[in-house]
Every structure is written in C-alpha cells, then in structure tokens.
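**Q** Whenever a hint applies, use it, and build me the whole structure from the sequences.
Chains as they are written, first to last, in this note's numbering: chain C, 3 to 269; chain P, 2 to 384.
Incorrect hints may appear among the rest.
[Claimed, not checked] With a straight-line cut-off of 30 Å between C-alpha atoms, the simulated DSS-like cross-links for lysine-lysine are:
#  : chain 1 : residue 1 : chain 2 : residue 2
1  : P       : Lys363    : P       : Lys231
2  : P       : Lys363    : C       : Lys132
3  : C       : Lys224    : C       : Lys83
4  : C       : Lys103    : C       : Lys199
5  : C       : Lys224    : C       : Lys19
6  : C       : Lys224    : C       : Lys207
7  : C       : Lys183    : C       : Lys19
8  : C       : Lys149    : C       : Lys132
9  : C       : Lys183    : C       : Lys207
10 : P       : Lys27     : P       : Lys231
11 : P       : Lys231    : C       : Lys83
12 : C       : Lys207    : C       : Lys246
13 : C       : Lys132    : P       : Lys231
14 : C       : Lys246    : C       : Lys224
15 : C       : Lys183    : C       : Lys132
16 : P       : Lys231    : C       : Lys103
17 : C       : Lys246    : C       : Lys183
18 : P       : Lys24     : C       : Lys132
19 : P       : Lys27     : P       : Lys363
20 : C       : Lys103    : P       : Lys363
21 : P       : Lys363    : C       : Lys149
22 : C       : Lys149    : P       : Lys231
23 : C       : Lys103    : C       : Lys83
Quick caveat, the hints were computed from the structure, so don't treat them as lab data.
All values reported here derive from a predicted model rather than from experimental measurement.
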Amino acid sequence: MSDDTTQSPGRRVLEIKDLTLKFGGLTALDEVTFHINEGEILGLIGPNGAGKTTCFNAVTGIYAPTSGDIVFEGSSIAGRKRYQIARLGIARTFQNIRLFKSMTALENVLVGADAQHSTGMASALFRLPKHRREERHGHDRAMEVLKFMGLHRNPDELAANLSYGDQRRLEIARAMATGPKLICLDEPAAGFNPAEKVQLMELIKRVRDEGYTVLLIEHDMKLVMGVTDRIVVLEFGRKIAEGKPSEIRDNPAVIAAYLGVDEEDAS
Amino acid sequence: MSKTPAVKKLTGSLGERVASLPKPVKIGLWVAFAVLAYALPLLEPPFISPPGTDFGGVLFTVTIYCLVALGLNIVVGYAGLLDLGYVGFYAVGAYTAAILTTFHANWPLLLALPMAVLASTISGVLLGWPTLRVRGDYLAIVTLGFGEIIRLVAVNTEWLGASKGINDIARPPGKALFEIPHLNWESGVPLLDFNDTTKFIEFGVLDQIPYYWMGLTVVILVLFADRLIKDSRVGRAWEATREDEDAAELMGVPTFRFKLLAFATGAFIGGLAGALYASRQSFINPLSFLLLFSIMFLAAVVIGGQGNRWGVLVGAVVVAYLPERFREFTDFRVLVFGAALMALAIFRPEGLLPPRRTVRAKQSEAEIEALEEGAEGEETSRV
Chain C
3 MSDDTTQSPG
13 RRVLEIKDLT
23 LKFGGLTALD
33 EVTFHINEGE
43 ILGLIGPNGA
53 GKTTCFNAVT
63 GIYAPTSGDI
73 VFEGSSIAGR
83 KRYQIARLGI
93 ARTFQNIRLF
103 KSMTALENVL
113 VGADAQHSTG
123 MASALFRLPK
133 HRREERHGHD
143 RAMEVLKFMG
153 LHRNPDELAA
163 NLSYGDQRRL
173 EIARAMATGP
183 KLICLDEPAA
193 GFNPAEKVQL
203 MELIKRVRDE
213 GYTVLLIEHD
223 MKLVMGVTDR
233 IVVLEFGRKI
243 AEGKPSEIRD
253 NPAVIAAYLG
263 VDEEDAS
Chain P
2 MSKTPAVKKL
12 TGSLGERVAS
22 LPKPVKIGLW
32 VAFAVLAYAL
42 PLLEPPFISP
52 PGTDFGGVLF
62 TVTIYCLVAL
72 GLNIVVGYAG
82 LLDLGYVGFY
92 AVGAYTAAIL
102 TTFHANWPLL
112 LALPMAVLAS
122 TISGVLLGWP
132 TLRVRGDYLA
142 IVTLGFGEII
152 RLVAVNTEWL
162 GASKGINDIA
172 RPPGKALFEI
182 PHLNWESGVP
192 LLDFNDTTKF
202 IEFGVLDQIP
212 YYWMGLTVVI
222 LVLFADRLIK
232 DSRVGRAWEA
242 TREDEDAAEL
252 MGVPTFRFKL
262 LAFATGAFIG
272 GLAGALYASR
282 QSFINPLSFL
292 LLFSIMFLAA
302 VVIGGQGNRW
312 GVLVGAVVVA
322 YLPERFREFT
332 DFRVLVFGAA
342 LMALAIFRPE
352 GLLPPRRTVR
362 AKQSEAEIEA
372 LEEGAEGEET
382 SRV
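**A** Right under this line is the structure:
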C-alpha cells in the first residue's frame, strides 16, 4: 500500500538542514538533515532518547537550533516564535496529551481554528463583520474536523471528560483545525491497544489523503512500516538511515540500533 | 459535605431553567431584574436595607465592588493570572481623576474620566510588559509589590497630597428634572413618602442614590462587554492560555499579547471603578488603597466563583454588602469573615457560583466515583 505512494516526488514542504541542538555539553541533535515532500507521511523513528521529540520541538519553535536551518515552504523558520510557526502552517500533537481540559471539545478545536483568525478586542466588542465572518468560519471548520475525527456527536463535552482515545483524536482534530500544511504527530498511538492502533493508522492515512503532509513519530515498528511512505531513523541525535520502509527494514545499521535490541519488537 | 450536591442541583437547575426559556421571556426577565435593581434604594425594603446607614451609599459601594470583581475576573478567572495588587490600578484611576478635576487642572469629571481610564490601562501595560513573562507565584509577588508601590508613591509625593490626600474632587454633572419619592415601611405597609425624595438626577452630597444608578449602569455596560469579549477569539485565547500556556502558543495563540490584553482590560475596569469611587467620595487619601482592598477584591472573585461573571457579582455583593448590613456586629466582622471563608473553602471550594464547566467536571467526577463504588459493592457482594 505504502509503496504505491512513494513514487510521487512532490514539492519539499519542510527541509531540515544540518540541524544541531546542544544543551550545555549534551548534543541532542547532531547535524541532522532530512526533508518532507508534500503529501507524504514521513516516519521519524529511533530508540528512546534518540532525539525524535527534540527534533519536533525544534521544528515547532520550542528550541532554537544551535546551528543549521529549518526551511518551511521555502523560507527559514529557525528562531521564529512558536505561535508564528503555528500560524505559518505547522501544527503538532503531544506525546502526553495536552488539551485545554476544562474547555469543551468544540472550544478546543475552535482555539486551533483561531490560528487562521485575527479578531481582536474591537472586532469582538462591536461584533464587526470580521468577527462574524471568522466565528462562522471557525465553527464550520471545527465541526468539519470533529466530524472527520468522529467526535461530532457531543462537541460540548469537556475535553477532560472524553475517553482516552477520544482525547488523542481531539488533539489531532485541534491540530488539523489550525489549517496546517504539515502536521507533526508525536506518538499518537501511545497507550492504544493493537486494534485501536490499526484504526488510528488508517485515520492518519485519511488525514494525508485530505491533503495534509504528516510527520509521524511512532514507537511501534510494525505500524510505522505499514503507514509511512518514507522513514528517517535517528540514534543518539544522528540520522543513521533514511528510505522506504522496505529499505529501512533491511538496513543493518537500523537493525543493530533499533530492531535488534528493541524488546517489544523482539517478542 | 452532604449538603453541597443539593445546593448544586438547585443553582444548576435554576440556571438551566432560565437558559431554556424562550428569548423574549428571557429578555423580559432580565429587564425586570434590572428595573428592580435600579429601584432597590427607592423601595427601601425592610431587612434588606441596612439600618442606620444610607442605603444608596451602601449600594454604590456594592456596584464599585462589582465593577472591580468583573475586571479582576478577566485577569484571574479568564486568563488565570494571579494579581494581588489590583488595588494599584484602582488607585491610579482614582488619583488621575482627582488630580485632573482639582487644583491641578480643574477639568470637569466627564473629561477626566477617560484620562483616568487611559492612565490605569497604560499602567497595566507598563506593569504587564516586563512581568507577564514570569508565571504563577512570581507574578503574584510582583503585582503585590506594584499595589504597595503605588500607595507608597502617593504617601510620599506632596503633589499627590501625600498622606493628607486630595479634596474637592469633581462630581458628575447633573440636572434635577423631577423628584422620585421613596417608599416608607414604618407603618407596616409600603407608602409613598413625599418628604423623602431623590432628585433625578443630581449628584449631591447627601443623597447617594444617583451615584448608585451611575455605578449600576456602568456595571451593566461592563457585563455586556464582558460577554461579547468572552464569547470570541479573545475569550477563547485567554482560557486556552490559562489551561496550558505552551499548548496554546503552539496552536497559534500569541499568549504574551493576550495576557497583556487581559491585564490592560482588567486595569481599564479597575481604573474606571477607582475614578467613580473618587468622584463619589470627593476626597481620597492613600488609606483608601491599602493592600487589604486587593485582598477583598480577590476575595470577591474567589468567593463568587472565578471565571463566572455572575458568580463574581455574587461574591462582590457578599464582600461589600454583608459587612454593611450587619454593622452591629462590627467588632466580629473579621472573625465572621474568616470563618465564612473557611466554611466556603471546605464546602464550596470552587466558589458560590462556579462556571458551569467546573460544575460539570465535578458532576462527572462524582458519577465516576459512584460507578466505582457501585462496582466495588458488586464485587464484595459476589465474594
């Protein structure tokens, strides 16, 4: 299934060039270079502590790169503020769920949709046409995304009251609502049982089919192999391999670093 | 503890019942409520109107507390920024109005009022710009300091009247068009008393009811504004920032800018309240802006239920009205207040009238607990 889509080369949405990140004496990322093509699902894998989430954090502006560059849609975003990067079109989810817990599902997604809006105090206070237009757009967008994620039945439920799976899906919905070109999913299937994981991967494929480009961190190797178009493997902050899932599966460096020692996969 | 669910059910069902009414009925109810509020000092209902003090004056104080509570609720309740120096903005508003309408400038109040609000808003931005980069406890300490600094500056500046304060602050302009009689309940039945009237509308020295009407009008306007802002991108951004600042930022919310906006909005309302207070008092000195007031303002917000505009209004009424009503127990005021706060912390930690979301979260928590208990019970019975 995944092999069919790898043929389309596409435009480069994101380019990470010689990205290095140091925290004091620790080098979390060491001259990592890779890129994501438009409309593909790129898997970012590696053992614990390899620098996957650090890489996400650099892309979404949480850390400024020590050296190297991050180019999104042709312009450098290294050093930009987090909300600017989000508004430019990179959305993300979190490894440990970080919803706005005492806001409703709909409100959570609305906050995401507001990334495309600029209503300020005056527009809101005087109900100017801009406010009305953006509210309408936000609600339409939010309901559309909730429906896509299968969460539209009770949009007024508090995020904290949703089931674990729904909370994970709501995070993806909130990210989609920001209207991004690139969605970064940080272990979206963590804590799921195998059946749920398979379902989620189908959902991620549908997200891609909607026209989004997906950067996926996932621990479960079998799942990554099934859903991604290409895979980048990190180990100790270095890129050790890049290629199609079939190539990665047979790559001796990857097997040594990851597959061979990973207990989950060995079992 | 056993009482709380019943109370919750009562307030919850009342709110739901009002919400489910058709729109014209709802509007009618609100108008009736507002008319009653305006007429309250004229009706002088027994028991409610405090014996021995001027009811109009007490009600004016209540409206000032309501204003302050609404303003502080934006900062603390919506945006989740703990501000312990809110009285500072109140003082900036009061002093600006005082300076501009007395010997320094002699402006009319209506001209000074916008300047007072502008000054307090600017002070909010100036305080927020450097301090909103710190979080939680640190912000509380910095704002606490701000409130005290403003007061100490006033104490030590001759130009601001030092500890003597400023006299003869301008009153709002007014013109007595007609007189409205009060009700007199002395004979047991309400009678119109034409010896006791309020001039509509003249802001005099003795009759404080016109000030109350002015205060109430401002409260209603602020309530509308609060509702419009809360139900927009701005309100959502505030709440998202309160819930998880980092996640909000990564979803495209410029959190610093919105925190600053919350601070400035809070300062705007606080300054407005201060200026109105100064005008009614016609005299202010630094003793009107003690740290104690910051604490009382915050108490109004917390007692009422932070995050719910109706809740904080209830809180403001409790904090401002009850001590005036029960003046005869004045020696025990602080004791009773402390005991009431403790009782509240135990029985209703989320406030008298918490936001609906808090109530719902609690309910579902209770449901889950009940389910778990039920499941345990089954298990034990099976064993």
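**Q** Each of the hints needs a verdict: does it hold here or not?
**A** Hints, verified against the model:
{"no.": "1", "hint": "P:Lys363 / P:Lys231", "verdict": "23 Å, holds"}
{"no.": "2", "hint": "P:Lys363 / C:Lys132", "verdict": "37 Å, violated"}
{"no.": "3", "hint": "C:Lys224 / C:Lys83", "verdict": "36 Å, violated"}
{"no.": "4", "hint": "C:Lys103 / C:Lys199", "verdict": "24 Å, holds"}
{"no.": "5", "hint": "C:Lys224 / C:Lys19", "verdict": "28 Å, holds"}
{"no.": "6", "hint": "C:Lys224 / C:Lys207", "verdict": "15 Å, holds"}
{"no.": "7", "hint": "C:Lys183 / C:Lys19", "verdict": "19 Å, holds"}
{"no.": "8", "hint": "C:Lys149 / C:Lys132", "verdict": "25 Å, holds"}
{"no.": "9", "hint": "C:Lys183 / C:Lys207", "verdict": "15 Å, holds"}
{"no.": "10", "hint": "P:Lys27 / P:Lys231", "verdict": "20 Å, holds"}
{"no.": "11", "hint": "P:Lys231 / C:Lys83", "verdict": "26 Å, holds"}
{"no.": "12", "hint": "C:Lys207 / C:Lys246", "verdict": "16 Å, holds"}
{"no.": "13", "hint": "C:Lys132 / P:Lys231", "verdict": "16 Å, holds"}
{"no.": "14", "hint": "C:Lys246 / C:Lys224", "verdict": "14 Å, holds"}
{"no.": "15", "hint": "C:Lys183 / C:Lys132", "verdict": "24 Å, holds"}
{"no.": "16", "hint": "P:Lys231 / C:Lys103", "verdict": "18 Å, holds"}
{"no.": "17", "hint": "C:Lys246 / C:Lys183", "verdict": "22 Å, holds"}
{"no.": "18", "hint": "P:Lys24 / C:Lys132", "verdict": "26 Å, holds"}
{"no.": "19", "hint": "P:Lys27 / P:Lys363", "verdict": "28 Å, holds"}
{"no.": "20", "hint": "C:Lys103 / P:Lys363", "verdict": "13 Å, holds"}
{"no.": "21", "hint": "P:Lys363 / C:Lys149", "verdict": "27 Å, holds"}
{"no.": "22", "hint": "C:Lys149 / P:Lys231", "verdict": "26 Å, holds"}
{"no.": "23", "hint": "C:Lys103 / C:Lys83", "verdict": "24 Å, holds"}
The structure does not agree with the numbered hints 2 and 3 stated previously, though it agrees with the rest.
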